[in-house]
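A.B. asks: Okay, here's what each chain looks like letter by letter:
2 protein chains.
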Amino acid sequence: MSRPAAPLPLLKNVATRLRILSIRSTTEAGSGHPSTCMSAAEIMAALFFGEMRYEVANPRHEHADRLVMSKGHAAPILYAAWAEAGLFPREQVMDLRKITSDLEGHPTPRLPFVDVATGSLGQGLGAAVGSALNARRIGSDYRTYALLGDGESAEGAVWEAAAAGAYFGLDNLCGITDVNRLGQSRQTQLGHDLEQLAVRWRAFGWHTLVVDGHDLAALQAAFAEARATSGRPTMILARTFKGRGVSFVEDKDGWHGRPLKPGQETDAAIAELERQLVDDGGATFGIPAPSAPSTAGAATPRPDVPAPAYTRGDLVATREAFGTGLTRLGALDARVVALDADVKNSTFSDRFEKAFPERFYQFFIAEQVMVGAAMGLAARGAIPFPSTFACFLSRAADFIRMAGISGVGIKLAGSHAGVSIGEDGPSQMALEDLAMMRAVPGCAVLYPCDAVSAEHLVVEAAYHPGPAYIRTSRPKTPVIYANEEAFPIGGSKTLRTSDRDVATVLGVGVTVFEALKAADLLAQEGIAIRVIDAYSVQPIDVAALERAARETKAILTVEDHYVTGGLGDAVAEALGPRGVRLVRLGVREVPRSGPPDVLIDRFGISAARIVAAVKQL
Amino acid sequence: MSRPAAPLPLLKNVATRLRILSIRSTTEAGSGHPSTCMSAAEIMAALFFGEMRYEVANPRHEHADRLVMSKGHAAPILYAAWAEAGLFPREQVMDLRKITSDLEGHPTPRLPFVDVATGSLGQGLGAAVGSALNARRIGSDYRTYALLGDGESAEGAVWEAAAAGAYFGLDNLCGITDVNRLGQSRQTQLGHDLEQLAVRWRAFGWHTLVVDGHDLAALQAAFAEARATSGRPTMILARTFKGRGVSFVEDKDGWHGRPLKPGQETDAAIAELERQLVDDGGATFGIPAPSAPSTAGAATPRPDVPAPAYTRGDLVATREAFGTGLTRLGALDARVVALDADVKNSTFSDRFEKAFPERFYQFFIAEQVMVGAAMGLAARGAIPFPSTFACFLSRAADFIRMAGISGVGIKLAGSHAGVSIGEDGPSQMALEDLAMMRAVPGCAVLYPCDAVSAEHLVVEAAYHPGPAYIRTSRPKTPVIYANEEAFPIGGSKTLRTSDRDVATVLGVGVTVFEALKAADLLAQEGIAIRVIDAYSVQPIDVAALERAARETKAILTVEDHYVTGGLGDAVAEALGPRGVRLVRLGVREVPRSGPPDVLIDRFGISAARIVAAVKQL
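Residue numbers (our numbering), protein chains in the order written: chain X, 1 to 617; chain V, 1 to 617.
Quick caveat, the hints were computed from the structure, so don't treat them as lab data. Given the structure is predicted, the values throughout are model-derived calculations rather than measurements. Check each hint, because a few of them may be wrong.
Put simply, identical chains are the same to the list, so a pair is met inside one copy or across any two.
Below, in silico cross-link-like pairs of lysine to any residue (SDA-like), each with a Cα-Cα straight-line distance of 25 Å or less [unchecked claim]:
#1 Lys553 <-> Pro577
#2 Lys12 <-> Thr266
#3 Lys12 <-> Ala289
#4 Lys553 <-> Ala574
#5 Lys493 <-> Pro577
#6 Lys493 <-> Glu546
#7 Lys261 <-> Arg186
#8 Lys476 <-> Ile99
#9 Lys517 <-> Pro89
#10 Lys553 <-> Val542
#11 Lys476 <-> Arg328
#12 Lys98 <-> Pro301
#13 Lys517 <-> Leu495
#14 Lys252 <-> Arg312
#15 Lys354 <-> Gly254
#16 Lys12 <-> Pro595
#17 Lys98 <-> Pro595
#18 Lys252 <-> Ser31
#19 Lys261 <-> Ala317
#20 Lys517 <-> Asp499
#21 Lys354 <-> His63
#22 Lys98 <-> Phe168
#23 Lys615 <-> Glu546
The following block holds chain X by itself, in its conformation from the complex:
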């Protein structure tokens, strides 16, 4: 694993040039975080031009070393580094933050060298854990680096990732914390007490080094030591100064998120930096290539998944069918992996673990890193299914938000949705997850009512481009679909229909059965209703909704979810401009413990409530 050490004068000049370009681009943009870039200049120079193996022309190379820029506000220096490496001309960095440029204020995967969007602090290390797990999955020796700030080390998510990195023994993972002492508004909690920070990383099982982050030789030695460390990840704590290199900025308060003023201020800074350029003898760097050629283009096709084998009327919880379907899919596509947060025996992901233990990752009770690692895995070619109780996915809401911005294909599965879980009470009931997931652009939000649809939707989710969410239920429900039925994303199933339907009732999950019961009860009184299983909550089946709007007088939505943001909202958004009568049945207050059937009625989503609502129309 040894590689030729880059000459120090060259690296020193690279660091200076990165500083200059970070200042110039943020001054030009009129916003941004130059001082945060300046503390990291030697780290970036040592990483990019003395440590990492990559192919400049193909930043997504599947065996190339990765850098996750967890301190995403230092984006300008990341862009400057890629320009320095030759991916694009240096002048292009001057388009920073312009609407016409992909060099955004914080990095996003619109850029080929960004795996996951960063800028919500504390998230990068989780994605790096996923990237490192992926290297193991594909048998690659690529290494993953993550550059953190000291400020963001206050985020609990960092310590979840720390625990996970140690648990998995990820010696292909190396974190660097740019300990520049200053947060946005004040000194960080630990300031320059790097030993205190080192004690924490060691306590979490990492090989931990404290170095002068402006000493290129020390950084090179630290990276070499990290490479030589086996069985655990390494954290390099780099003592740095914010604004390093410009005397009136360095280690001063008040320079977070503030560009230098154009003209004299910027000119003085650049002049001071230019004086720091040394004679490097015209040395050039050679960037080591990845150790294996890229096989990109050899895309794995979507496998032909045989239909499940249920019998109509079988009582099977959708959460169980999820586990079965995921395991069946795993046998056909080696990219499929499962991630758990110590509830595998409730979500049935333990079936996948039994079949494919090497593709099953246990994160214990730490949902943020579970989702963060899934982001890293997805960005590197896996098809990850992180699953837990749906309510606990809200723990990772900010990660899910960033997964949406990243457009990465994480396939979330949340079980135990709604009041139908019963006696465990409101803390265990997901009643806001549909609202959370629908607010992710492009996310497929899927909610099967029976085992057949659940198994099909696992497959649909897997091959949906971008994020997807499958919501499953705790109670057993009868199989109502034929095994061969198709459940395309954006579709729906009309379960009852006639030319006398007075209203259309859309159910999802457990409320499909309440709607069917209501239809039977109303039929006894000569009232016909249309019943639709809206299993694809997002995108919703607009054509079926429009037909229903034309053919029936009103539409009712019934969902085991708060009335806000879920199915009712999806239908209202689709049909709003038509002026259709829309009635929502959903949970309207904090529920409580009790038997599922009692709760379903008490909180307004039972067959009896549907019957009453239809009659009221």
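Once you've looked at the hints, dock chain V against the given chain X.
C.D. replies: Here is chain V on its own, set in the frame of chain X:
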């Protein structure tokens, strides 16, 4: 602080009785977590009957010691302890999990001895930090205890709380981790390696003790040592066995969340436990009283807050007015406190800090504990305003969910909402926060467009019973309201109206001004529209909406938020049954960096877009 040690035989019998009642009640309920209760029996006995000072008849006593049951699934033993203390008859615990009982599956503040709902693991210590800060705020010597599980210690939120507890030097805070080795689905990451866990707590600055959690004398000594420790909190790591006391359950896999079977299995367990009862000589315990009498009933009235002093046309960002308004309110009500996550100079909460440093709490970049501590503070009588960028409140989404279940009055403020922040890019833009906050039942969701309304809404939020959310914007906007104007929750302001309005446009925040511009543009073409500032997104002004629905042909909503779950959803929900034409303008894709005005137009919420939409009707 010394107190009489309770006789050990008595405590031992209490522990046994707590085990018996935990088993009996979960067997009766047919669900629940008896084995998790059994590991904690000695801890609970030593805490409740040898350590804590409280008044059984008044569990909410403001000077009584607190216990936050972070491992909320051990609820039955908490209920059993209060029954043992005499708050209600033991037989009442047999109503566990029934719809008719407040003894829910996981604790909620429906019970007078529960400050915050638990059951989403890893949250309790954050609330305990808030409770301990509150003791300092009111000058009380009450102590706060938090009982954690070892499994939940994988949650990053626990380590955020650990860092905060040490930072604030909370020696009135004592955590106990019931290290019973077994999670739900398997052994925890560290198992019974308590030293490894101790290293972590020490690294985070806590006085840390490792004890045998079934040794009552050791527990008593540990509690005494915690009481004697000054300047930092104490964590007692208690080595225990899940299912302790019943040979066929103790330390065995497969007993998480599983009650014993009625009949033989339960009978055998209880018989085995009853054999563990010892002769306690008929001893009784005396529970020490809080050190100061309760002053409950002396409710602080809502102060008369003088109107702000802006001039119409002044350009003031609502985030700045939030800071000003909060500071003015803080001068009139000592219960008001502010919590920050290192963005005080962007949210303007630094104004409050300058005025009231002792009521300003810095949590650094750790949003979960910021919100968690706010929950604890609110539950103990403070009026806490945690604030950060609105997008980063999603980091605490699960805490906000639990705050809703708890009904505690946290007053969240989120700045930098929407694409109007401009160049920083999507990671910094809150576009799903309205969806998140509207999914909290009873939460007031407030979104001012100018400085006057922002200041008034700070006051309204403060005295709203339960949670509230104020969404503020980055750009400066003109003051349009008179200083004396009232902004009641549930209200709206009609800014343009005529008897010829063809449509009603509802704006909020920055889009109010786009709507006004659109009205001007349309007026030039002889088209009149009604413009409403829907500053109270939840509850929304249904009367104004219904009037608009009667008097105009269609309603448009315009919001700097994704189209899902926000203002459009609120209006659709309110008017759905009427069959009104509703058109939503909102962000429909992941946005990008760029100038605010360009983004507002590009992502569909500008005056020009409103004009086009109105014409299309």
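A.B. asks: Can you give me the call for lysine 98 and proline 595, within, between, both or neither, at a CA distance of at most 25 Å?
C.D. replies: So lysine 98 and proline 595 pass the 25 Å test across copies only (8 Å; inside, 56 Å).
A.B. asks: Is it within a copy, between copies, both, or neither that the alpha carbon of lysine 517 lies no farther than 25 Å from that of leucine 495?
C.D. replies: within (12 Å within a copy, 48 Å between copies)
A.B. asks: At 25 Å max between alpha carbons, let me know whether lysine 252 reaches serine 31 within a copy, between copies, both or neither.
C.D. replies: Answer is within; shortest intra-copy Cα gap is 18 Å, inter-copy 59 Å.
A.B. asks: Which holds for lysine 493 with proline 577 at a C-alpha limit of 25 Å: within a copy, between copies, both or neither?
C.D. replies: This pair counts as both: shortest intra-copy Cα distance 23 Å, inter-copy 24 Å.
A.B. asks: Cα distance capped at 25 Å. Does lysine 493 pair with glutamate 546 within a copy, between copies, both, or neither?
C.D. replies: For lysine 493 and glutamate 546, only the intra-copy Cα distance (14 Å) is at most 25 Å; the inter-copy one is 34 Å.
A.B. asks: As a check of your reading, is lysine 476 near isoleucine 99 (CA-CA no more than 25 Å) within one copy, between copies, both or neither?
C.D. replies: So lysine 476 and isoleucine 99 pass the 25 Å test across copies only (21 Å; inside, 51 Å).
A.B. asks: Up to 25 Å between alpha-carbons, please classify lysine 12 paired with threonine 266: within, between, both or neither.
C.D. replies: within (21 Å within a copy, 73 Å between copies)
A.B. asks: My question is about lysine 553 and valine 542: at a cut-off of 25 Å on alpha-carbon distance, are they close within one copy, between copies, both, or neither?
C.D. replies: Both, since 17 Å and 23 Å are each at most 25 Å.
A.B. asks: At most 25 Å between alpha carbons: which applies to lysine 517 and proline 89, within, between, both or neither?
C.D. replies: Result: close neither inside a copy nor across copies, 66 Å intra and 42 Å inter.
A.B. asks: At 25 Å max between alpha carbons, let me know whether lysine 615 reaches glutamate 546 within a copy, between copies, both or neither.
C.D. replies: both (22 Å within a copy, 23 Å between copies)
A.B. asks: Regarding lysine 12 and alanine 289, is the shortest C-alpha distance of 25 Å or less found within a copy, between copies, in both, or in neither?
C.D. replies: within (22 Å within a copy, 67 Å between copies)
A.B. asks: Could you place lysine 261 and alanine 317 in one of the four classes (within, between, both, neither) given a Cα distance threshold of 25 Å?
C.D. replies: Cα proximity of lysine 261 and alanine 317: across copies only (23 Å, versus 62 Å in one copy).
When held up to the earlier numbered hints, the structure conflicts with 9, 12, 14, 16, 21, 22 and fits the remainder.
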